[in-house]
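Chemist: So you can see what is in the structure, the chains are spelled out below.
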Amino acid sequence: MSRSRKLTSGVKQSLPHDSAHKHVSGEALYIDDIPEPPGTLFAAFGMSEKAHAEITGINLSKAKAAPGVVAVAAAEDIPGDNNCAPVFGDDPIFAEALVEYVGQSIFAVAAETVEQARRAARLGRVTFKERKPVVTIDEAMAAKSFILPPYTMQRGQSSRALSRAKHRIQGRVEIGGQDQFYLEGHIALAVPQEDGDMVIYSSSQNPSEVQHLVAHALGLSSNAVTVEVRRMGGGFGGKETQPALYACIAAVLARKTGRPVKARVDRDDDMIMTGKRHEFVTTWDVGFDDRGRIEGIEFDLAARCGMSADLSLAICDRAMFHSDNAYYLSNVTIVSHRCKTNTVSNTAFRGFGGPQGMVGIERVMDEIAFTLGLDPLDVRRANLYGGKGRNITPYHMTVEDNVLPELFDELEKTSRYRKRRREIESWNRTSPVLKRGISLTPVKFGISFTTTFLNQAGALVHVYNDGSVHLNHGGTEMGPGLFVKVAQIVAEEFQIDVDRVKITATNTGKVPNTSATAASSGTDMNGMAAKNGARTIRDRMAAFAADMGGCRKAEVVWGYDAIRAGKKRFTFAELTKAAYLGRVQLSAAGFYATPKIHYDRDKATGRPFYYFAYGASVSEVMIDTLTGEYKVLRTDILHDVGESINPAMDIGQIEGGFLQGMGWLTMEELWWDKAGNLKTHAPSTYKIPAASDWPEKFDVRIFERGRNKEATIHRSKAVGEPPLMLAISVFSAIGDALAGACGHQISPDLNAPATPEEVLLTLEDMRARLSAGAGLAEAAE
Amino acid sequence: MTSVRFVFGGKVVALDGIDPNMTVLSWLRTKVNKIGTKEGCAEGDCGACTVVLGELTQESGRERIRYRAVNACILFVAALDGKQLIVVEDLRQADGALHPVQQAMVDLHGSQCGFCTPGFVMSLFAMYRSEGQPDRARVNDVIAGNLCRCTGYRPIVDAAMAAYDGGRADQFSRRERQTVELLKSIARTETETLALEGAGRRYFAPVTEDALADLVKAHPEATLVAGGTDVGIWVTKHHQDLETVIHVGGVRDMDFVREVDGSMEIGAATTYTDAVHAIAGQYPDFGELIRRIGSVQIRNAGTIGGNVANGSPIGDSMPGLIALGATLVLRLGKQKRVLPLDQFYPGYRQTALKPGEYLSAIRVPLSQPGRHFHTYKISKRFDQDISAVCGAYCLDIAGGQVTRARVAYGGMAATPARAPQCEGALTGLAWTEDAVPVAMRALAQDFAPMDDMRATARYRLAVAQNLLQRLYLDIEGGAPTVLAPEASGQGMGA
Ligand SMILES: Cc1cc2nc3c(=O)[nH]c(=O)nc-3n(C[C@H](O)[C@H](O)[C@H](O)COP(=O)(O)OP(=O)(O)OC[C@H]3O[C@@H](n4cnc5c(N)ncnc54)[C@H](O)[C@@H]3O)c2cc1C
Ligand code: FES
Ligand code: FES
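Going line by line, the protein sequences match chains A and B. Per the numbering used here: the first sequence ends with 781, consecutive numbering throughout. Per the numbering used here: the second sequence ends with 1275, consecutive numbering throughout.
Among these hints, one or two may not hold up.
Label-pair ranges, simulated between beta-carbon atoms [to be verified]:
1) A:D673 <-> B:E973: 46 to 52 Å
2) A:R715 <-> B:W1015: 52 to 58 Å
3) A:R416 <-> B:A875: 47 to 53 Å
4) B:S784 <-> A:K679: 54 to 60 Å
5) A:E696 <-> B:T783: 36 to 42 Å
6) B:E973 <-> A:G39: 37 to 43 Å
7) A:A772 <-> B:T1213: 28 to 34 Å
8) B:P1201 <-> A:T430: 51 to 57 Å
9) B:D991 <-> A:A505: 54 to 60 Å
10) B:Y1129 <-> A:L98: 33 to 39 Å
11) B:G842 <-> A:E696: 39 to 45 Å
12) B:D1232 <-> A:L98: 26 to 32 Å
Think of the hints as simulated: they come from the structure by calculation, not from any bench. Just so you know, even glycine gets a beta-carbon here, dropped at the ideal spot from N, CA and C.
Given the sequences, and given the hints that come with them, work out the whole structure.
Modeler: Okay, structure coming up:
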């Protein structure tokens, strides 16, 4: 009998991904794999070739007449709002009078085949009167071109502290953007229904937003549109707001033709048309004492937002929220500029501005160390949050759960950091061409949407009278194993095997008004909502069992597929059947709203985060001073996931996040020409890490003492975004190797991505600075 | 022959009137509802579309099947003729159990979003069928053409190795004899040129070179396709219509590497995979360079002939071939001529081929004592990337002096090109460390490279010059690089 055993597929188990067997067999259905309804048409897009221009004419007659074409649509064909922006209403579905980036959609074509549609789209003729484009951050700053007003966070008196500090340095780092490069490109399938309703299958992290925007584009209310998404082939933030464009286009064409329309975008067009991680130029002015402890600091963060606001307000805010990373900044001013450029509107990407914020302060740590001749690790330690009065962030939140001092101790030991640093120094002295570098960097990442109202989630749980469970919630599955984790939580709640919990596609008809699966919050929020739903049903079942067994509800013992009430014993299925016959409601909606959080944006104070996730990593790299090529020799990671719900999935997030971060900071280069054309818009030119880029030696551990101080779902911590920033240790180690190549006499002005070119040219500049310096010294003698 | 025949799902499939421009990926997904194979880029760079081809081959006197992974997104359906096509849906065992590579991927958490997964599974399956237990470096090479944005690859590499735990038998090895018979039943004889018409376009696939020569002469306007790794992209990305296609890839007597008069001769239809071993035997550096051209999938389809004929300024094999003094055998009808490769490119993406003429073979002088050859590729990513700069050097050194120098670069000019100033400066110079700055200065006279998305002019020139330093170290006993730091005898403490 099963009764004596324990549940082995609940929480804290390394279960495989619920779809793993379908992934490997090709049976997992993505939107392009769903059998197309009869009569489905295929869409293709007419895009702007200019970065900034007035539209003087649109002639679609040739496109309309092309073989297979059933309809074309432009702005005037939109029945409702010509808008697919998430917040500020500033992203037209089809440009009308003005185009503001190369790739902006102007019209679309629906044809019988994909190929016919794509060919026809090339026949649309649009004429332009060009205006001067603003492409780079520097150009935008010079032209005072901003999409949103600047924003400041402040604590203490930075300028006074700076002028009093014993040491003071200034610096600048340019941080490149990053394409999400989900393997499955954007896609939406719109299927017309009776009454003009629309069902949309969308590869979206945010089905509710797609629902609302499609409804308004069609001039309908939200209840006329249903959006479903079973899974995405990756999202990484790139499918938080961007899917709406394709869903709206598919819906407009479907409305116009009365036929289903699939809008699937080719990889190059996807990369040209959709937003990416924001580029930043960060400058600082920092004052510190002899130990490297920061006394005052001012940061200036300029971000390239692109042509519209999209999520830039929250992203730039999050960069500011993470400009302290793990360090106490007593006198601090952080100013953020949100630059408007004639480039694609930048958007969410794993970390959501946080990574860019952290790169700034981590570079400051390195520069302080190089200035004082200290080990950067000691400077980092000296500045960590902790100790008396040293736990207030620049936005006046108290850090209550810092585990970094412990993490540092453990990682420093297991990685043999000190010994290796000494070895590297002596090795570098004997190696003329190759140089090695090492760095240990921390991550402290705030968990919650900083837009407080988004921190809510819903779930829907049904128990059928055979004891099987149907689980639905507002979260979407883009890869990390959200669905299996939430199923584990429900299995735990009911004490049944997880394979009795059916995981179902996210659907706006089942759970309404959901927030995007983003901000690492998927499991925290949806897991809690599902648990609450399951708990409601379990309570009802327990009450019913108590009646049957003639005991009090509190006396019901709920074990693994075994419920005991007085003398009565039930399996889960037996009790459901009985409860059903006893007319007990076996369906419940669960809801969750994250507690404790609040933020006053006008005053820049509050508690925007429920808690922080922590981690640290040590990376060692080797660079070739002839070519700038490099290799990551070894990375050690220690990461806090609280009490893990599924360690295998969490390790997957840590490893994948790390490599993605490494790609961002090393090889992934978005290259725009002066006219605003993105020239790296396919994997042939835009290089994400391949298998051999993985560090030669790699050790990843989950911090065993990790436990969330807050009452999160099973005391776990979010893990989606934080590990990406573990890769800053690679960037910093490359800088360390460059410093080592110059005898640690000057610090490298290394920008990201640190491509081989960036590494070599930085080294050349350092050497030029050194010999100029030596020349000056000689002249002085 | 007017229909394309191949083995698929245990049966012979014969397709009449198929569009010669249709890719295997599009056929699978839109014509036969095999949706397990994914499109991630449609340009051969992500591997999501990886399928495996089985081909008849002789192994120690026995007929065997050779399994190779290719990119379905840039492979034309017509190129399947005579082969077995295996897709991810075919991998489950007869009883429905997962194939060992699939099971290992599940057990070791090798998938997250799962979109890349079928492609990885197929790359690993091809390896599993073709070779024994790999090490990590080998797996990295096998999956260099498969991108995963979710996992970090570590679990996939683990799965690749663990798949071998239960031996190497599967339904494909068990059915090999039947499949051999099926493949034999569709093998074309020497005289059977496949002549296909579909969607108003024509496609010819001759079996012999004589037939090819006649066809190319008769259709000078035709597009020649060897592996199609360049041509495929003209269709999928540039939306070109190839009205007449002549397939070089299946010409049996152009698929060889042999020694002729002190030269290694490589047939223009020979894939990188088939040529690399012989080339590496002569010039190990060249072998390593070829290992870094594209990916396994690209090298299984692509040819050096196609690389040369395509004439891209950043084609990787040309600098090495030019430095070695390779010559090309060009053929027009029955007429053959031999042209040095360094005279083959009159300008940007132009070749000296006359209408109706094609590339038959490439001749590479054999290695000889006192001759030093090295070639280096510099790119943003080590594996599966296009060069920013590719340098190749062939120096004869006698009595401590450079007696002959040939230096060639890709990525520095509109065509792959020699560096005459640098060559001149080196020739006659004493081979000491002092030669390096002399050669570097001269090189700056040779090229005025460009800024583009792969590199700036400044970097191109700087790195091209510095590679001369690497060359010096290499000839003097092994240049250390980040991939082989031990070359200098410096061990790694870590
Ligand atoms: C993902 C990817 C990665 C790549 N990586 C690299 C790389 O790292 N380095 C590199 O150099 N290249 C790379 N390439 C380009 C390409 O793979 C090579 O140029 C390859 O050698 C082309 O060979 P093929 O047989 O596929 O040529 P095809 O595409 O068949 O033909 C190429 C050209 O040659 C012509 N041609 C072919 N055979 C003949 C002949 N016998 N006579 C006359 N003309 C002929 C064709 O008409 C066409 O113009 C890559 C391509 C892809 C898709
Ligand atoms: S789809 Fe990317 S390689 Fe074929
Ligand atoms: S699992 Fe998502 S791309 Fe590999």
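Chemist: Next step is simple, just say for each hint if it's right about the structure.
Modeler: Status of each hint after checking the structure:
| no. | hint | result |
| --- | --- | --- |
| 1 | A:D673 <-> B:E973: 46 to 52 Å | holds (50 Å) |
| 2 | A:R715 <-> B:W1015: 52 to 58 Å | holds (57 Å) |
| 3 | A:R416 <-> B:A875: 47 to 53 Å | holds (52 Å) |
| 4 | B:S784 <-> A:K679: 54 to 60 Å | violated (43 Å) |
| 5 | A:E696 <-> B:T783: 36 to 42 Å | violated (54 Å) |
| 6 | B:E973 <-> A:G39: 37 to 43 Å | holds (42 Å) |
| 7 | A:A772 <-> B:T1213: 28 to 34 Å | holds (29 Å) |
| 8 | B:P1201 <-> A:T430: 51 to 57 Å | violated (38 Å) |
| 9 | B:D991 <-> A:A505: 54 to 60 Å | holds (59 Å) |
| 10 | B:Y1129 <-> A:L98: 33 to 39 Å | holds (37 Å) |
| 11 | B:G842 <-> A:E696: 39 to 45 Å | holds (42 Å) |
| 12 | B:D1232 <-> A:L98: 26 to 32 Å | holds (30 Å) |
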